[in-house]
Each structure stands twice: as structure tokens, then as C-alpha cells.
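S.K.: These are the residues of each chain, in order.
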Amino acid sequence: MDFTHTDERQMLADMVGRFVRDQYDIETRHANAASDEGFSREHWGQLAELGVIGALFSEDVGGFGGAGFDIAVVFEQLGSGLVVEPFLANLLAGTALAASNSHADTLEELMAGSTLLAWAHGEPASRYSLNQVETTAEKSGSEFRLNGNKAVVISGDTADKLVVSARTSGDSDAPEGISLFLIPADAEGVHVRGYPTVDGYRAAEIALKDVVVPAEALIGEEGQALAIIEQVNAAGTLAVSAEALGAINVGIDMTLEYLKTRKQFGVPIGKFQALQHRMADMMTEREQIRSALINAAGHLHSSERNWNVSALKNLVGRAGRNIAEECIQMHGGIAMTWEYAVGHYSKRIIMIDHLFGDEDHHLRRIIKLGAAAAATATVT
Amino acid sequence: MDLNYTPEEQAYQAEIRSFFADKLPTEISSKVKAKKRLTKQDMENWHAILNTAGYLNAHWPEEFGGKGWNAIQRDIFDVEGNAAGAPRVVPFGLNMLAPVLMAFGSKEQQSFHLPRILDGTNWWCQGYSEPGSGSDLASLKMSAVREGDEYVLNGQKTWTTLGQYANWIFCLVRTGKEGKPQEGISFMLVDMDTPGVEVRPIILLEGTHEVNEVWFTDVRVPAANLVGEENKGWTYAKYLLVHERSGIAGVGDALASIDHLKHIAREQKLDGKPLAEDPMFAARLAEIEVDLSAMRTTNMRIMQAASDGAPPGPEVSMLKIKGTVLRQSINDLTRRALGPYAMPFVSEALEMGYNEEPIGPDYANPVSADYFNHRKTSIYGGSNEIQRNIISKMMMGL
Chain A
2 MDFTHTDERQ MLADMVGRFV RDQYDIETRH ANAASDEGFS REHWGQLAEL GVIGALFSED
62 VGGFGGAGFD IAVVFEQLGS GLVVEPFLAN LLAGTALAAS NSHADTLEEL MAGSTLLAWA
122 HGEPASRYSL NQVETTAEKS GSEFRLNGNK AVVISGDTAD KLVVSARTSG DSDAPEGISL
182 FLIPADAEGV HVRGYPTVDG YRAAEIALKD VVVPAEALIG EEGQALAIIE QVNAAGTLAV
242 SAEALGAINV GIDMTLEYLK TRKQFGVPIG KFQALQHRMA DMMTEREQIR SALINAAGHL
302 HSSERNWNVS ALKNLVGRAG RNIAEECIQM HGGIAMTWEY AVGHYSKRII MIDHLFGDED
362 HHLRRIIKLG AAAAATATVT
Chain B
1245 MDLNYTPEEQ AYQAEIRSFF ADKLPTEISS KVKAKKRLTK QDMENWHAIL NTAGYLNAHW
1305 PEEFGGKGWN AIQRDIFDVE GNAAGAPRVV PFGLNMLAPV LMAFGSKEQQ SFHLPRILDG
1365 TNWWCQGYSE PGSGSDLASL KMSAVREGDE YVLNGQKTWT TLGQYANWIF CLVRTGKEGK
1425 PQEGISFMLV DMDTPGVEVR PIILLEGTHE VNEVWFTDVR VPAANLVGEE NKGWTYAKYL
1485 LVHERSGIAG VGDALASIDH LKHIAREQKL DGKPLAEDPM FAARLAEIEV DLSAMRTTNM
1545 RIMQAASDGA PPGPEVSMLK IKGTVLRQSI NDLTRRALGP YAMPFVSEAL EMGYNEEPIG
1605 PDYANPVSAD YFNHRKTSIY GGSNEIQRNI ISKMMMGL
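Going line by line, the protein sequences match chains A and B. For the first sequence, this note's numbering puts the final residue at 381, and the numbers step up evenly by one. For the second sequence, this note's numbering puts the final residue at 1642, and the numbers step up evenly by one.
To be clear, the hints were calculated from the coordinates, so they are not data collected in a lab. Computed from a predicted structure; not experimentally measured. Glycine is no exception: its CB is placed at the ideal position from the N, C-alpha and C atoms.
List time: in silico SDA-like cross-link candidates among lysine to any residue, alpha-carbon distance up to 25 Å: (1) B:K1517 with A:A376; (2) A:K369 with B:E1531; (3) A:K369 with B:I1502; (4) B:K1506 with A:E305; (5) B:K1279 with B:R1540; (6) A:K272 with B:G1378; (7) A:K272 with B:N1633; (8) B:K1482 with A:Q274; (9) A:K272 with B:N1628; (10) B:K1506 with A:A375; (11) B:K1482 with A:R279; (12) B:K1421 with B:A1382; (13) B:K1277 with B:R1318; (14) B:K1517 with A:A375; (15) A:K369 with B:L1577; (16) A:K369 with B:I1532.
Short, incomplete list of chain B residues facing chain A, as computed with Cβ under 8 Å: (17) N1248; (18) V1534; (19) I1565; (20) K1566; (21) M1639; (22) M1640.
Input sequences plus hints: build the corresponding full structure.
M.R.: Take a look at the structure:
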């Protein structure tokens, strides 16, 4: 057991951290978010060149990282700058390609930053369920015909290609019968409606109407995609949780600084115990989140993955919300303004609860996993 | 970063596991598991077994005869011991006084006292709090006046845990009244057989005799029993408190308590089904498990970060808060799991040899008493509010 990063991983973290510090202040971030595409191609290309995308994938698929801790350190730093470039979408779609060992050329382009992908799995009625897929893919000859709707596809409006889940057999909630397809975003019948999210990112509702793709579009085995979807979901949950920690770090730093400088009743408000003790609790919860992140990152490829990932997301949802709200409350009125940065960090932390399952969703999952483990223990 | 045990750590875990399997007397572990009261003899026996095996002071630095165990080794020992039903080692001499003597004591004090802590000759208790000095410890009043080669002690200490079994007490005493209150405090070692020392029991709210008052009336103590320098005791006191807090996360205890709670929740029925299957209960339990899993890692990170032998920093205050609140929430949920059978309490049933039929389920009797007893944990060792003050001051600069 060891709780220190390798030199290489520390360098990776420092490199992304330096980029955020030197080139990505909050005004730049807002400008990128407000641009037509909702992010900067220039910054994306720069980070791709630095190898930040490649760090998210393992060596056997052409990357140079891919461990849970690689994802964690990169996304923590991205979170500290509220970076809007499409890392999450490409991590998700790329993980599906890597897991299935298919479409190596696309994955290579993804890591180079030259092709943008998005992960089109969620649907209007699926909420956080992974096996609720109503989109259909009918096979006819050597082709598939896709019909359905995909919801809140992160960075879906700027993607060149989409990884789409669709049902090739079974009922709409059956674990079996889900397949993944790689389709061009400009294929006939793909209708993309992009929009901003409340925290400054971009997403899209995507309608698929008689979209015809060749059999080569299939990712992995037909009907067997759920295991890949779970893997993608775990990587994504880890990533956004790390991002939340990065945002929490900034929120706490800003709040602490404010407590030391803002004066009321003739003294810095940090002299008031009512605020000190809440701040102390926030510091403690932040360490807890970091520990849960370490646990989940360390188990991303182990049999204890699901429990640890859900524990992380539950804690990020629960403790993260409290920290996000306290950052605003302890600042007072200034945090309610657009101009002051802390509110944007709070928004991101809160919205992360809506990605890959919120606090309650993951608590339910932990209960189910516990019940399943207890049942197995009773049987054996 | 690597969450897997190294081969060495695996081997060590196996060694520890077989030690508890072979050497922990069933007579003791059955009491611990059933939450029966341990006698002084039980505690001394276990202390001696640990000492023979070399585990009693394994966390001490090697220069003082320890093995210099790191955070992971301590975690394994803690978790395995609690799972096996090992009693908590009485910490006052071993984990609190000993580090102070190693850092600030004279060679004579070290060579006299450290071996006697290990072989059980001296049972130490702690003389810190006074009736008027709880959270504001530096306001303490017990006086020590130098007369020739002796100090004459007068005053009162309180909350002295297991003072009824102890034969030595380390005390914070006032030797100076100049300057800030912290500046006139000294650290004194007192043989409790000295005339003028009197121990009086305090009965806790659940009816147990765990703590005491210790009164000092013209107690004459050799000047050689002063630790370090006169009026520098506050520094040593704080050093001790950080060590006191270093095991405070109570990970092993919490894990064992959760196992016990799960057992109860499978036995108890709600609408004909196991309580464990009730969504509300399951949610409360799952949340505690999430927090505990994170705290185990937080504990190891903080302990690991403290360099070998050096005391951990103010981060320990976070462990104190989290560890105590978590265990209290386990106690709370265990009590609620019992329903009406949380109420009966037959104190004598906690003694070994009580042979009458239990009232309600056999695990029910100690639960509520345990719940009330554990309210102390967020008060002692520097209340959780004091810990928040420490975090504010030391970590945040507020």
C-alpha cells in the first residue's frame, strides 16, 4: 500500500495544473464557454499535444496512462479551472472503443485531438439506469437501422462521431441485447439539438431517425454492450468526481481567503467561530472526498470497482453539495454575482451530482451491492 | 499510489491474524464480543501477552525497543485485533506518557519508567482536566510549590479514566503565575501511593465506574519527577494530546461495530422481514459505510504523512472529529435497530458469570448503555469543538 504518486503521474498533474494556472483564468474560461462551439479548439489542440488526452488511455491501445489515478489527477486539475474543453465526452467514448479493442484508428485520432467523439447513451426516460435503452437497431443484411432519442449528450453538438447505444434485442430494460455503434454525427437521420448547461458546458438532445450504418460500425459484440457501458460509466464517474474535487479545492481556497480579508463588525469575518467551525468541517469532508477518490481510482480495474465508485459518487454528492452551498453562504452577497468566480465553481460541483447518478442513486446501488454480497455469503 | 498490500504487508497480516487466533484468550475475546465488563486482571493479562509477543510497543521507535511500525502496519493490527475481539490496550502509559518521556524525559526517567510501562509494574492514569478546567485546560489550578528537593502538590484532577486501577499518574500542575496561563504549567510524575493522594469514583450516566476524581493534599513529590523543564509543561502536554489523538479514528472498532450492527439488523424484524432489508435503515447504514471506507484511507494518509516517529500534525483533529462522530452514529443506529428492547438494562448481566435468562435478544442488553457511554468520545481528548478551533488556527490560519 502506498499513498504517493509516481513521479510521472505527479508531472502529469503539475503539467495540467500549470496550464490552468497560466492560460486558463476564469475570464478565458467564460470566453471559451460563450464561444460558438462552447470551447476553444486552440486550447483543446494544445492540451492534446501535451498528451493530456493520451494520458487517459492505456499503452496497449496507444495511450500512455489509463489507470484510475491518471484519470483522477487529470480531471482534478481540469476541475480547478472549470475547463470546458470536451475531455469528459472523449474519455467516455474513447473508453468504449478501448474496452472493445475496435476502431483503433478513431481512437488514435481521438487521442491526437483531431476527431471529437461523444457518448450518446442516456435517453429521455432512462434517468441514471444503464440498461434502460429504448433506441433500437434493426439488423437487415449487413446493415443496422437505428431509431430513438438520446438525452443530455455531453458535448454532443460538436462531436464528429457518436458512440450510440441501441437495442438489438430484448425488452427496453433487459441487461442483454444492448449494442454500441460508432456513427458519424453528420450521418443522414441524425438530428442534433445543442444547448448550454446551467454550469457553462454544452450538451445535446440527439434524435436518430432511420439512421443506417454498416456492420463495421458495431463496437464490441452485438447485444453484449452492458459490461462496456458499466466500464465507461465507472471511468466517467471517477472523472467527474475528481473534477468536483478540483472545483472544491478552489472553492475552499477562495472562501478561506475571503474569510481573512472581508471585514464586518471591525474584524475579518474569519474571526467568528460560527464560520470557523463550518470551514473546519468543510476541510474534513474535502479530505474524505480525496480518500474516496483514491479508493475508487485504485479499484477502477478491480472486482471492488462498483462499490468504491458508488461510495465516491455518494460522498461527492452529499459532502460536495454542502461545500458548494457553504462557499456561497460564507461569502455572502458577492458569491451571488456572475462576476465573482466562486459561484461558478459551486454550480459545477452541484451539477456533477446529475452526471452518472446522484447521491441517492449511488446509495441505492451500494445497498444492492451489499445485499447481493450478503446473499452470496449466505449461500456459500 | 497502490491500494494493494505488498507481499511483505500480506505476510505481516497473516502473522498478525495467527497471533490473535493463537494467543488471544477466548475468555477475554468472548467478553469483548458480548460487550461484558473486563476485569483489571483481564486487562493485565492481555497487556502481558502483547508484551511477550513484542506487539505492545511495536509502534515505538526502534531506539526505545519498538519496531517502528508504520501507519499500514498499525491499521492492520487495529483492524485484525478488533475483528478478533481483542480489548483496547490501556493507552495512558504506553501511547501517551511514553512518547513524552522519549521526547522530553531525562535518561533516568526513560530507563526507569519505560520498562515498567511495558512489564505492567506501573499502571498510569492521566491528570489533565480539573473541575474548572475542561476545554480551557491552560486555566488549570492544581499547584506545585518547590520546597528543597521536593514539590508539594495541592489540588484536584478529574475524569481520570481507570484511575482506580492506577498506581502512577502524570499531572499538569501550576508552578508559575506569571505571564500567560500556558507559561506556568509543568509536567509531573506522581506515585499514587504517596500520602495525600486520594481517588474517588465518578459514576457515569449509564451507571459504570470508569472515571474518577483524584485529590491531592500536601503531596510531596521528588523534584526528579518533573519532566523536562519547569513551566514548559504546556508544550509537552500538547505533544501528548496529538499522540492521544493518533489512534482516535478508531477504524478497527468501527468496522467491528458495523459487523455487529449488520448481524443485529438481520435478526431484527420489521413487518416480518429483516430490518436489514428496510430501505430507510439500509440507507442509513450504507451512508455510514461510505464514510467509514473513506475515513480508513484518510487515517492512513494522515498517519503515513507524518514522518517516522514524528507526531502527526493538526490534521489529526479531522480524524478525531470524523472518527468519533462515525462511531457515535453506529452506536445510535444499533440502539435504534433494537426497537423496544433498547430499553431493558440489567447492569449485572454485563459481568461474566451472570447466568440468568437475558431479557429480549442476547445482544440487546449492553447496546443503549454503550450508546450513552460513547457520547463521551466527542467530549474527551479535546472536544470536537476544540478540534475545530485547532483546524481553524493551525490549518487555515484563522
